[in-house]
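In this text, residue positions in the sequence shown follow my numbering: the first is 1, and each later residue adds one.
Hint data in this document are derived by calculation from the structure and do not stem from the laboratory. One or more hints might be untrue.
[Unchecked claim] Quick list of in silico lysine to aspartate or glutamate cross-link-like pairs, EDC-like style, CA-CA up to 16 Å: (1) 173 x 152; (2) 177 x 107; (3) 173 x 148; (4) 177 x 198.
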Amino acid sequence: MIYCMSDIHGDYEKYRRMLEAIPLREEDTLYILGDVVDRGPEPVPILLDMMQRPNVRPVLGNHEYMAVLCLRALVKKITEETISEFSAETVRDLWNWQQEGGQTTLEGFRRLDAARRKAVLEYLLEFELYEEVTVNGNRYLLAHAGPENFSENRPLWDYGLHEWIWTRLDYTKRYYKDRFLVTGHTPVACIPGNTQKDSIFRANGHIAIDCGCGSGGTLGAICLDTGETFYVR
């Protein structure tokens, strides 16, 4: 079975309960479509658990991108001298990350020993920009947010990093005729016209799976083989 989940945002308890609800077996594959980290209290334990599961395939979200930019700068011992060497761009990145809920990720990262910090950073750098899967003859494109500046004839490799992780899709528009787009990033409650405010949205070739866990709401997941949905509320 192939499952998709997204936007856990540091809620380790909901993540753990979801793995039980599915339940995830060794022969299954779980794609996590970004924004594992930030906001919630325990993002790092989620990453450590994912790292131990070869059947969990992570896709990059904008929060992982912000975290990597900042953690690489902070992995060295912070002193007045090293801080003075930070560029204006690094200071801006740190400020933006903290405004977006990065403090819980930073605190969890600082509690790790040097070897596990290195391992977590290396793992974050392995996140894919998108994944393609075919299930029961249906094609699916899995991404955190994009593709931005969409053209149906544009090859996937031509889209840049920011086009995959930051955009807000138009869920009233069908992007591909031959595949479904499975995305997170935009909470389903923010999709215009959607009346199911904490349930997975399916329409116009879209499957939107961010059910609001990042704001204390529901964590959702879907099985692509059966169409069954799972919720931890």
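Against the structure, the hints come out as follows:
1. 173 x 152: Measuring from Cα to Cα gives roughly 12 Å; hence the hint holds.
2. 177 x 107: Distance ~44 Å between residue 177 and residue 107 Cα, so the pair is violated.
3. 173 x 148: Status holds; Cα separation ~13 Å.
4. 177 x 198: violated (27 Å)
The structure fails hints 2 and 4 (numbered hints given earlier, in ascending order).
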